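This is what each chain is made of:
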Amino acid sequence: QLQLQESGPGLVKPSETLSLTCTVSGGSISSSSYYWGWIRQPPGKGLEWIGSIYYSGSTYYNPSLKSRVTISVDTSKNQFSLKLSSVTAADTAVYYCASPSTYGDDAFDIWGQGTMVTVSS
Amino acid sequence: EIVLTQSPDFQSVTPKEKVTITCRASQSIGSSLHWYQQKPDQSPKLLIKYASQSFSGVPSRFSGSGSGTDFTLTINSLEAEDAATYYCHQSSSYSLTFGGGTKVEIK
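One line per chain: the protein sequences are X and D, in this order. Heads up, the first sequence is in this note's numbering, so the first residue is 1 and it goes up one at a time. Heads up, the second sequence is in this note's numbering, so the first residue is 122 and it goes up one at a time.
Keep in mind the hints are simulated off the structure, nothing from the lab. A portion of the hints provided could be inaccurate.
[Claimed, not checked] DSS-like, lysine-lysine: derived pairs with alpha carbons at most 27 Å apart:
#, chain 1, residue 1, chain 2, residue 2
1, D, Lys166, X, Lys45
2, X, Lys13, X, Lys83
3, D, Lys139, D, Lys228
4, D, Lys139, D, Lys166
5, D, Lys228, D, Lys137
6, D, Lys166, D, Lys137
7, X, Lys13, X, Lys45
8, X, Lys45, D, Lys224
9, D, Lys224, D, Lys160
10, X, Lys66, D, Lys137
11, D, Lys166, X, Lys83
12, X, Lys77, X, Lys45
13, X, Lys13, D, Lys166
14, D, Lys139, X, Lys13
15, D, Lys224, D, Lys137
16, D, Lys137, D, Lys160
17, D, Lys160, D, Lys139
18, X, Lys66, X, Lys77
Note that this is a predicted model, so its numbers are computed, not measured.
Given these sequences and hints, build the entire structure.
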C-alpha cells in the first residue's frame with residue numbers, strides 16, 4: 001500500500017528557502033500514481049494547494065506562489081520535493097504531500113502525516 | 122482560478138441529525154469535485170470522489186451529489202465521531218483549489 005512521509009527542517013529563517021521531501025513507499029514513484037502534490041495548512045486555517053508534478057514531469061503551481069515554488073521528482077530515491085523561496089511568516093504552516101493511489105484518479109486518497117514548518121528568525 | 126465556496130462555515134448539530142454541506146464552484150467543473158474530512162491534528166481523509174463516488178471504507182451515511190457548479194455532501198444520522206472540518210476540492214483544472222472548509226460540531 002502506498003505511503004507518503006514528509007521530511008525537512010521544522011524551522012526556516014525569513015528570506016531563506018524552505019525545502020521539504022516526500023518519500024514514497026509501497027510503490028514506485030515512476031508508476032504508482034498519476035501525479036503528486038503538495039498542500040499546506042496555516043495554523044487554524046484551511047487547506048491551500050501549493051503545486052503538483054505529473055508522471056510526465058509537468059508541473060503546475062498555485063498562481064499566488066508560482067514565482068517562489070519548485071517541485072521536482074528524484075526517481076532514484078523514490079522521492080519528490082518542494083522548494084519555496086523567500087519565505088515569510090505567512091509561510092508558516094503544516095505541509096502535506098499527497099497523491100491519488102489509483103493511476104488516473106484525481107482525488108488525494110493518500111496523505112502524509114504532515115510536517116510543521118515555522119518561519120522565524 | 123476556480124474558486125470553491127463552501128457553506129455554512131460552521132454547523133452545530135445534534136447526533137442522528139442530518140447534515141448538508143454545499144460547495145459552489147465559480148465555473149462548471151463537471152463532476153471533478155472531491156470531499157475530505159479532517160479531524161484536529163490529523164491529515165485529511167478522502168470521503169467522496171468525483172462528486173458522488175464513495176471512497177473505500179467510508180461509512181454509508183456519507184454521500185455526495187451534484188455536478189457543474191453546485192455540489193452537496195450529506196451526512197445522514199450524524200455520529201459523534203463525525204465532528205470534523207470538511208473540505209471540497211476540485212481537479213477540473215490543473216490549478217487545483219480547495220474550499221474554505223465547514224466545521225461540524227456535535228451539540
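So, going through the hints one by one against the coordinates:
For a cut-off of 27 Å, the pair hint linking D:Lys166 to X:Lys45 stands: about 17 Å separates their Cα positions. Between the alpha carbons of X:Lys13 and X:Lys83 the distance comes to roughly 14 Å, so the proposed pair stays at or under 27 Å and holds. Our distance criterion of 27 Å between C-alpha atoms is met by D:Lys139 and D:Lys228, whose separation comes to about 13 Å. Note on D:Lys139 and D:Lys166: the hinted pairing holds, with a Cα-Cα distance of about 20 Å set against a maximum of 27 Å.
Straight-line distance between C-alpha atoms of D:Lys228 and D:Lys137 comes to about 11 Å, which keeps the hinted pair within the 27 Å bound. Taken as a hint, the D:Lys166 and D:Lys137 pair is honoured in the structure, with Cα atoms around 22 Å apart against an allowance of 27 Å. Only pairs whose Cα atoms come within 27 Å are accepted, and X:Lys13 paired with X:Lys45 is accepted, the gap being roughly 22 Å. Annotation: proposed proximity of X:Lys45 to D:Lys224 holds, straight-line Cα distance about 11 Å (limit 27 Å).
Note on D:Lys224 and D:Lys160: the hinted pairing holds, with a Cα-Cα distance of about 10 Å set against a maximum of 27 Å. Straight-line distance between C-alpha atoms of X:Lys66 and D:Lys137 comes to about 44 Å, which puts the hinted pair past the 27 Å bound. Distance restraint check for D:Lys166 and X:Lys83: the Cα-Cα separation of roughly 25 Å lies within the 27 Å cut-off, and the hinted pair is therefore satisfied. At most 27 Å may separate the alpha-carbon atoms for a hinted pair to count; X:Lys77 and X:Lys45 exceed this at roughly 32 Å.
Between the alpha carbons of X:Lys13 and D:Lys166 the distance comes to roughly 31 Å, so the proposed pair goes past 27 Å and is violated. Between D:Lys139 and X:Lys13, the direct Cα distance comes to roughly 47 Å. Violation of the 27 Å bound is thereby established for this hinted pair. Taken as a hint, the D:Lys224 and D:Lys137 pair is honoured in the structure, with Cα atoms around 17 Å apart against an allowance of 27 Å. Straight-line distance between C-alpha atoms of D:Lys137 and D:Lys160 comes to about 19 Å, which keeps the hinted pair within the 27 Å bound.
For the given pair, D:Lys160 sits about 19 Å from D:Lys139 by alpha-carbon distance, which is consistent with the 27 Å threshold. Proposed proximity of X:Lys66 and X:Lys77 is supported: the alpha carbons are some 25 Å apart, at most 27 Å.
In summary, the structure is inconsistent with hints 10, 12, 13, 14 from the numbered list given earlier, while agreeing with the others.
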